[in-house]
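Start counting the sequence shown at 1; every next residue gets the next number (UniProt numbering).
It is worth saying that the hints were derived from the structure and are not from the lab.
All values reported here derive from a predicted model rather than from experimental measurement.
Each residue gets a CB set at the ideal place from its N, CA and C atoms; glycine is no exception.
Check before you lean on any hint, since a few could be wrong.
[As the list claims (entries may be wrong)] Below, in silico cross-link-like pairs of lysine-lysine (DSSO-like), each with a Cα-Cα straight-line distance of 27 Å or less: (1) Lys-388 - Lys-34; (2) Lys-110 - Lys-222; (3) Lys-105 - Lys-69; (4) Lys-249 - Lys-189; (5) Lys-331 - Lys-249.
[Unchecked claim] Cβ-Cβ distance ranges computed for the label pairs, FRET-style: (6) Leu-57 - Ala-290: 23 to 31 Å; (7) Tyr-278 - Ile-75: 20 to 28 Å; (8) Asp-238 - Glu-111: 39 to 47 Å; (9) His-181 - Glu-212: 17 to 25 Å; (10) Lys-339 - Tyr-85: 53 to 61 Å; (11) Gly-338 - Tyr-85: 51 to 59 Å; (12) Ser-216 - Ala-30: 23 to 31 Å.
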Amino acid sequence: MSTVQNFSHNNVNNKLSRMKEWRVPASIVAKRTKNPIREIVYNMNVTPNPEKEYISLALGDPTHYGNFKIHENCIDAVITQLKSYKANGYVPSVGVESARIALAKKFSTKEAPLTSEDIVLASGASDALSLAISVLCNEGQNILLPRPGFSLYQTLSESKGIECRYYNLLPDRNWETDLDHLSSLIDDKTACLLINNPSNPCGSNFTRQHLESILSLCEIYKLPVICDEIYEDMVYGDNIFYPLANLTKTVPILKISGLAKRYLIPGWRVGWIFIYDYNNILNEVRSGLASLANLILGANSLIQNALPDIIMNTPQSFHDETDKLLEENAKLSANVLGKIPGLHVIVPQGAMYMMVGINIEEFKDINNDIEFSEKLVQEESVLCLPGKVKFSLS
1 MSTVQNFSHN
11 NVNNKLSRMK
21 EWRVPASIVA
31 KRTKNPIREI
41 VYNMNVTPNP
51 EKEYISLALG
61 DPTHYGNFKI
71 HENCIDAVIT
81 QLKSYKANGY
91 VPSVGVESAR
101 IALAKKFSTK
111 EAPLTSEDIV
121 LASGASDALS
131 LAISVLCNEG
141 QNILLPRPGF
151 SLYQTLSESK
161 GIECRYYNLL
171 PDRNWETDLD
181 HLSSLIDDKT
191 ACLLINNPSN
201 PCGSNFTRQH
211 LESILSLCEI
221 YKLPVICDEI
231 YEDMVYGDNI
241 FYPLANLTKT
251 VPILKISGLA
261 KRYLIPGWRV
271 GWIFIYDYNN
281 ILNEVRSGLA
291 SLANLILGAN
301 SLIQNALPDI
311 IMNTPQSFHD
321 ETDKLLEENA
331 KLSANVLGKI
341 PGLHVIVPQG
351 AMYMMVGINI
361 EEFKDINNDI
371 EFSEKLVQEE
381 SVLCLPGKVK
391 FSLS
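Produce the entire structure from the sequences given, and follow the hints as far as they go.
Given below as structure tokens:
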């Protein structure tokens, strides 16, 4: 015992410099992890009008108001797995084999074939995004992000010490990418390009020609692409969704998607990465994704085991009805808002969102989008996200 005490006292004497007072700071990673939405909304005056029912239009959760119901097949698939007693344990970090096989079968196309080895499952599309950014980008490099765009891209990138460079989307061209501006941002430290199509928050859906133009630029600069297609096939009217991977045999792509939006189950937390690489450019990236997947020891095992039944047996009519309701709501919103002086509406082509321009000159007591959003809550009890949160040009 005395030996232990002497050893302890010696160590104490050697470490007195850190023992003067308690000091337990948050890590650098924690300090640079910020949520732009939370920071801006937290500082807004969003006290609703007590005489009117409060309505939040700032949510990306299709389940919140109960008007979008999940299909019974999804519920039955989970119940079956729960009763099997075979989906309660740990699973391979990259995903359950049966789930990856089902995804490959469901989403393979003639232009872009997949095998289970091309797929990594994650804890929702947000985790898939984190894995994709982590595997392609080093601290000190930069990533090209859309503006307006989903704020989580910034949160994930800056947390990892990656510089965010924002390329403009053009509202007068249905939010197409400004290719000249995008090209001007690329340098030797550019790790990858991130595309979101259909778009959150723009509600846009790129044409085949525009996607091919983006791919041509990536081919010139040898840029890999992270393509967030969580809203794939959720388009309206005559619009056609083109998977980016179907349009190239040379540009390596990490496609992000998941169950959240298409199947209306965001809380079930299963997303995925599809690796499209026909020229063995991403060999190290494949190994890197497998390593990074170990950080959480795999996504939800219950839902992964139910996934084959969910994606194979949920009827197309369910998706068609969802898209029809979204389209009806989009048209209604665009029609009503478009009649209000001072507002400029770009009719959505897909996804679940719409960007509305504000002509500040039409409003005597409003100077920017944040003040507009504050007064909308105070007067009408309706909350919208300011464009600044989505990197809009207010």
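Hints, verified against the model:
1. Lys-388 - Lys-34: The given pair, whose Cα atoms are some 15 Å apart, holds under the 27 Å limit.
2. Lys-110 - Lys-222: holds, 24 Å
3. Lys-105 - Lys-69: With Cα atoms ~26 Å apart, Lys-105 and Lys-69 stay inside 27 Å; holds.
4. Lys-249 - Lys-189: Roughly 24 Å separates the two Cα atoms, so the pair holds.
5. Lys-331 - Lys-249: violated, 37 Å
6. Leu-57 - Ala-290: 23 to 31 Å: violated, 40 Å
7. Tyr-278 - Ile-75: 20 to 28 Å: violated, 38 Å
8. Asp-238 - Glu-111: 39 to 47 Å: violated, 22 Å
9. His-181 - Glu-212: 17 to 25 Å: Holds, since His-181 and Glu-212 (Cβ atoms, about 18 Å apart) stay within the stated range.
10. Lys-339 - Tyr-85: 53 to 61 Å: The hint (53 to 61 Å, Cβ to Cβ) holds, given that Lys-339 and Tyr-85 are roughly 58 Å apart.
11. Gly-338 - Tyr-85: 51 to 59 Å: holds, 55 Å
12. Ser-216 - Ala-30: 23 to 31 Å: 40 Å Cβ-Cβ, so the 23 to 31 Å window is violated.
Hint compliance for this structure: hints 5, 6, 7, 8 and 12 are not met, and every other hint is.
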